[in-house]
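The residues making up each chain are set out below.
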Amino acid sequence: MSGNQGLLERYARVAGAEAVAQMQQLAEKLRGARVVHVNSTAYGGGVAEILHSMVPLMKALGLEVSWEVIQGPPEFFEVTKKFHHALQGRRVDLTEDHLRLYQEVNQKEAERLADKLSEADFVIIHDPQPAYLIRYLPKRRGYWIWRCHIDLSRPFYPVWRFLEKVIVQYHASIYSMPEFSQPLPHPQYIIPPSIDPFSEKNRELAPEEVFRILKDLGLDPSRRLVVQISRFDPFKDPLGVMRAAELAQKFISFQLVLAGGGAADDPEGERVYQEVVRAARGKKDIYVFKLPPEAHRVVNALQRAADIVLQKSLREGFGLTVTEAMWKGKPVIGGATGGIRTQVVNHHTGFLVNTPEGAALRIRYLLFYEEKRREMGLKAREFVRQNFLITRHVRDYLALMLSVCMGSPDRLELETGEACVWPPVEPGPPPL
Amino acid sequence: MAEKEQIKYPGPFVVKDCALVSVSTGEKAYTLAELVEKIKKIDPSSIHHHFWARHLRPSFDHPEFHNDFAAWVHIEVRDRILAERLNLISPHEYASMEDLREALILLIQERVFEDEHLGWRKAENPFYFVKSQLIIFDTGMRLEWPHEIADVLESFSPGTIFYHFIDARRRNPQGLDDFRNWIRQFPPDYKPLEDLIAKVDPFFLSLYEIRDFLIRHIRTFCARIHAFREEPSRRKKGSPRPREGG
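Quick mapping for you: the protein sequence lines, in order, are chains A and B. My numbering puts the first residue of the first sequence at 1, with every later residue one more than the last. My numbering puts the first residue of the second sequence at 1, with every later residue one more than the last.
With the rest of the complex left out, here is chain A (with noise of 0.2 Å):
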């Protein structure tokens, strides 16, 4: 057996057979066909855990598909993480310096990887912080496509109309809600994004092991446990998750952990974790722990251990911890904005709330009824496998890839044992 076939061969094993075989379907029509994609960090934050998993099955489905990350100075990161919080709808000050760094950045990171870019047959950006690549490489031959992780519903409307203006040249963009779409000219697709079964941090674990990362952190495995694990980012609300477990903990005992690593493309995370630890300062069986990128089974450790996960944000692309808690069978109490809304189905896989006081009495609710509890994570886990497992992801990119080369038909019928569609019999896309 192959490696490829036995990494298929454990992906149907979770996520079903038909799953697979969906995914071989559409990939016998793109087959050779050249990928690549492209982010700015090859460690933390959602975007990179997806490529880590998506690159090697895409792979094993036949495709040749490679993963870039582009490279610039601590300030470049600055100024992308002010166009992140921009497009989730808050008020920055971008200077004509901090576009012109922006712009500069991509400029030579287009010459970087010019080859590889402009012979690819399709290449996907992630985010926008490498958007801007596709107006320095005007000889582009393949279909370039944008996908946009962060919640696009209500932008700062000056930061999107600088990105707009190259976004427009793209074939398609796919966001994670049709909320995030945009007026734009070419097809706007909606896949939210998933997790892969098998990654460190979600992996099964043995309780041994767990028990061990507790200890180790300081926790005692023997007390009930809420968890929080996300990057410390004013939009996670960490601050508002410590108050409603300040109002919870009146009425019931448990330990509370706010621990979250950092990303490479997001600086702004050390000021946030230094104001969260302050405000911890002195508080009983509250917990702040900054991890390192790295550390995923401490994460996979503390949402096994959790008794509830919170996932409290304010503004939110689509909550890839929520994904991962549900994953592990735990009820998630989550905020009621972006994809947690999808995710999180009141009374079913947990609750969702628009305050530290809604929190707090899903808190006390949850640890009261072990059995409600249970009932919700066991939801939690089936409502996962059958819609955000990797599997399904590659599944709708591969049937986005082979809509563009037809024309964004609306129905896409694959019969087995017809040839492959590709190369397309037309040369390449018309430059936009």
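Source of the hints: derived by calculation from the structure; they are not laboratory data. These figures come from a predicted structure and were not determined experimentally. You may find that some hints are simply not true.
[To be verified] Looking from chain B toward chain A, a few residues come up when the C-beta cut is under 7 Å (computed): (1) S22; (2) S24; (3) G26; (4) I42; (5) S45; (6) I81; (7) Y128; (8) L134; (9) I135; (10) I136; (11) F137; (12) D138; (13) L153; (14) S157.
Glycine included, each C-beta is placed from N, C-alpha and C at the ideal position.
For chain A, the structure is supplied; the task is to place chain B on it using the hints.
Chain B in isolation, oriented as in the chain A frame:
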């Protein structure tokens, strides 16, 4: 083979599976007045999506509302009267998407004329017009005879049920599902099976419920067919003998 020739065998039933990929139309409406204007122009596949795609969407129980328009009017516009009226629309009763579009427009306009302020009441969250791209997969499974359905139904994914029961109504003449469309080409022995399948109302049942309904009823029918086969004297003269599936 002789049997197949005798009855003008219609060919095997090709079992397919499908998945929906949602595509944003970029259109949204904050008020009923805007909603009507958008419905007038929107791609018919978007109207189809907002009535039927919920079947393949993650959910847990019977939704209170059977289409996205009714749910939005109830939750975001907060007009219970119009929400109830919209909720009653059974899309498969309309001969075409254009007829369904017209019915939607009439219902909303009628309600707006009843309450002049309602047309401009702003919803908290807009209605986003989405359409679906249907990806159709070949499962490789083929059924030779109608009674074989009972043997394979349990292995049908929700996508298979969606394709053959819901999508089929858009494709087939008279809005028939694929099973009935195939079965009616066989001799009248299978008419009761066709009638059984006709009882399925896909608008109110989830895909799993449709499958369970079929499993229960088709098995009963097939058990009768098998019993019937063992008593050849009871068979009508000239009618072919159903063949065992394999």
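Hints versus structure:
| no. | hint | verdict |
| --- | --- | --- |
| 1 | S22 | 4 Å, holds |
| 2 | S24 | 4 Å, holds |
| 3 | G26 | 5 Å, holds |
| 4 | I42 | 13 Å, violated |
| 5 | S45 | 5 Å, holds |
| 6 | I81 | 25 Å, violated |
| 7 | Y128 | 4 Å, holds |
| 8 | L134 | 5 Å, holds |
| 9 | I135 | 5 Å, holds |
| 10 | I136 | 4 Å, holds |
| 11 | F137 | 5 Å, holds |
| 12 | D138 | 5 Å, holds |
| 13 | L153 | 15 Å, violated |
| 14 | S157 | 5 Å, holds |
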